[in-house]
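Residue numbers (the working numbering), protein chains in the order written: chain A, 1 to 323; chain B, 324 to 580.
Any given hint could turn out to be false.
Stated by the list, open to error - Simulated restraints on C-beta separations:
1. Phe437/B <-> Thr77/A: 30 to 38 angstroms
2. Lys455/B <-> Ser245/A: 45 to 53 angstroms
3. Arg356/B <-> Met122/A: 54 to 62 angstroms
4. Leu132/A <-> Ala397/B: 40 to 48 angstroms
5. Asn8/A <-> Arg356/B: 46 to 54 angstroms
As the list claims (entries may be wrong) - Derived, one-sided and incomplete: chain B residues facing chain A with beta-carbon distance under 10 angstroms:
6. Leu401
7. Val402
8. Ile415
9. Leu419
10. Glu423
11. Ser436
12. Leu440
13. Leu443
14. Lys444
15. Phe449
16. Ile485
17. Val486
In short, the hints are calculated from the structure, not lab data.
Backbone N, C-alpha and C fix where the C-beta goes; we use that ideal spot for every residue, glycine too.
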Amino acid sequence: MVGLFSKNFFVGFLVLILMALAPFFVTTHWVIILTEIIIMSLFAMSFNLLFGYTGLLSFGQAGFFGVGAYVSALTLTHLSSSFWVCLPVGIVGAMLFALVIGWFCVRLDEIYFAILTLGFGMMLFTLAHNWLSVTGGSDGLTIASMPVLSIFGHKIELFNPKFFYWVSLTVVSLGIIFLRQIVKSPFGLLLTATRENSQRVSFVGQNVRTVRLVAFTIAGSLAGMAGVLFALFNRIASPEMLHWSFSGKAVLMTILGGSSVFLGPAVGTAVFFVLEHFITSYTTNWMIFLGAILVILVLAFPQGVLGTLATFFSKLNGGRNSD
Amino acid sequence: MTETPLLEIKNLHKNFGKFQALKGVSLTVPNGRLTALIGPNGAGKTTFYNVVSGRYKPSSGHVYFCGEDVSGTATHKLVGMGLLRSFQITNIFPDLTVLENVLTPVIIHNGKSFSMLRSLKRRSDFKEQAEKILDMVGLAPFSNKVASTLAYGDKRLIEIAIVLARKPKLILLDEPTAGMNPEETDRIINLIKELAAKSGATFFITEHDMKVVFSIAERIFVLNQGTPLAEGTPDEIRSNQAVREAYLGGSLDAKGV
Chain A
1 MVGLFSKNFF VGFLVLILMA LAPFFVTTHW VIILTEIIIM SLFAMSFNLL FGYTGLLSFG
61 QAGFFGVGAY VSALTLTHLS SSFWVCLPVG IVGAMLFALV IGWFCVRLDE IYFAILTLGF
121 GMMLFTLAHN WLSVTGGSDG LTIASMPVLS IFGHKIELFN PKFFYWVSLT VVSLGIIFLR
181 QIVKSPFGLL LTATRENSQR VSFVGQNVRT VRLVAFTIAG SLAGMAGVLF ALFNRIASPE
241 MLHWSFSGKA VLMTILGGSS VFLGPAVGTA VFFVLEHFIT SYTTNWMIFL GAILVILVLA
301 FPQGVLGTLA TFFSKLNGGR NSD
Chain B
324 MTETPLLEIK NLHKNFGKFQ ALKGVSLTVP NGRLTALIGP NGAGKTTFYN VVSGRYKPSS
384 GHVYFCGEDV SGTATHKLVG MGLLRSFQIT NIFPDLTVLE NVLTPVIIHN GKSFSMLRSL
444 KRRSDFKEQA EKILDMVGLA PFSNKVASTL AYGDKRLIEI AIVLARKPKL ILLDEPTAGM
504 NPEETDRIIN LIKELAAKSG ATFFITEHDM KVVFSIAERI FVLNQGTPLA EGTPDEIRSN
564 QAVREAYLGG SLDAKGV
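Extracted from the complex, chain A is given alone in its bound form (with noise of 0.2 angstroms):
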C-alpha cells in the first residue's frame, strides 16, 4: 500500500510538471482549453466527493461554482482589485451557502436528496438572472479589468493566457491535493463508510447528518473556488454557470472519467472538451455526434475511462484496485 502511494505521488507529480511545462510547447489557443479544462476538472472534483466518496448525488453542484464567480465578480468590482481579496471571498461566499443549504439538504439522501439540490440550485439560478440590481440579470457581471496578483512584489499579468494558466494550475493543484488529503484521512474513511452503508454509521455512534454536511459544505467550497477561476477566466460572471444544466456537466464528466477513482473526473473532464473542441471545428450539429461517442464512451468504460483502465491494469497485476 505505502508503495503504492508513493507511485501515486511519483506519477502526479509527473503529470504535474508536464502541465506546467505545456505552455511552451502548444498554442495559445490550447493554452486556453487547457485552463478551461483544469478549472472544470476541479469543479467535477468537488462534485466527486459528494457522489464518489460519500454517495450523495448532487444536482446543484453549478450552484456553488456560480456563488464564487458571482461573488468574486461583485469583490472586484465593489471592494478590492487584489486576486489575494478575490480568491478567498469568493471560496468563503460558495462555502457559506453550501453550510446554509446542506443544512437542509443532508436530511435526506438518494433520489431525495438529489431533488433538493437541484431545487436550490434552481433557486440560486433564478436570484443570479432576476436581481438585475446587484446580479446584472441575464447579461451578468462582466469583469471590467483583471484582479492584480503580486507574488513578492512581482505583479502577475492575468489578462496573458499564460500567466493566468499557470495561477489556475497553481490553485486547482491545492484544492486537487487538499481532496487527496481528506480522501486519505480519518474523515475519508467516514465518507465511505457513509456511502457504503450509513445505517451502520449512525449504529456505531457518529451523526451521519454532520458527516454529510461537512462533506457537502468542503464541495461547495471548493465548487466556488473553481468557480472564481472560470469568471476570470470568461472576464464574466452569467447566470448559465448557476444553471442546473451545468450542474449536469460535473455528472457527466465524473461518470465519463469513473467516480471510483479519484482523478477520473479530471480525466472525465478532458476527454469532454477535447471531443467538445474537436467536434466543433466540424460540424455545427456537435451534439449528436458528441452525444453519440459518448455513448459509446460510457458503454465501452462502465466504471468510466480511467476506473475502466485502472481495474484493467490492476488485474493485470493480479491485484485490488485500491485507489
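Chain A is fixed; fit chain B onto it per the hints.
Chain B only, in chain A's frame:
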C-alpha cells in the same frame, strides 16, 4: 444500596398505525450478565430492539440506560453512551476491507471523525486498536480482504467486531446465529460466552434456537404478542406452564431442551 440497572424498560408501547407491536413491556437487564429475549415470530423482539436502540421512537413508556431516561434519544447518542447493537440481517460495510470495517468505529470512538489533515496511514494507533479487536473475534487473517468476499459466518463476526470497537457497556445481538450452519453457530456462541466473561460488556440477545438460548443465557425474558409473558432463569422458563402452553405449545421436549 442497590446498583443502578444497566437497562430498565418501563411500560414500553410501540404502535404502527392501529397495530400495537409492543403493549406495555417492562423489564430490567442487570449489569454483567448474558440475558436472552425469546418469543415466537411476531412477538415484537426486533421492534423492541429498534425502540431500545433509538431506531424508532416509543409511542409511550420509558427506556433508562445507566439510570438515565433515554426514550427517543438519537441512535448515535445512545452509541456514545455505550449501547450498541447488531442486526438480524448482517449490517457491515461490504466494499471496505475487514480492517477498514473496524477502523471506522475506532476512529469515531477516538473522537477523530472529522480529522482531515492527517493521513489515516500514519495513525498506527488506530490500526493497532482495530487489529486487537480483529484478533479477539478471530478475523485477523482476513484483515485486508474486502468484507463482501468473506464467508457468511465471518461477515457476522465482522459485525461483532464493529460493535466491540466502540467498547460497549451493553450489546444487543439480534439473532446472532440466524442463517448459520451448526459449525458457525458453535463458533459464535463460544465467542459470545467468552466475550461476556471477559470483555466487561453485558449481552442481551434474541435467539430462535432454543438449545442455544438455554445453554448460554443466565436469565431469559419471554415476549408474546407484544407483552411480557415470563422471566426467570433457564430452569424456571423451562418449567413455566404459561410459556410451554402459550408460546412453545409444549414443544420444548421436541426441541430437545
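For each hint, the structure was consulted:
no., hint, result
1, Phe437/B <-> Thr77/A: 30 to 38 angstroms, "36 angstroms, holds"
2, Lys455/B <-> Ser245/A: 45 to 53 angstroms, "52 angstroms, holds"
3, Arg356/B <-> Met122/A: 54 to 62 angstroms, "57 angstroms, holds"
4, Leu132/A <-> Ala397/B: 40 to 48 angstroms, "45 angstroms, holds"
5, Asn8/A <-> Arg356/B: 46 to 54 angstroms, "51 angstroms, holds"
6, Leu401, "8 angstroms, holds"
7, Val402, "3 angstroms, holds"
8, Ile415, "7 angstroms, holds"
9, Leu419, "6 angstroms, holds"
10, Glu423, "6 angstroms, holds"
11, Ser436, "5 angstroms, holds"
12, Leu440, "6 angstroms, holds"
13, Leu443, "5 angstroms, holds"
14, Lys444, "7 angstroms, holds"
15, Phe449, "7 angstroms, holds"
16, Ile485, "6 angstroms, holds"
17, Val486, "8 angstroms, holds"
The structure shown violates none of the earlier numbered hints.
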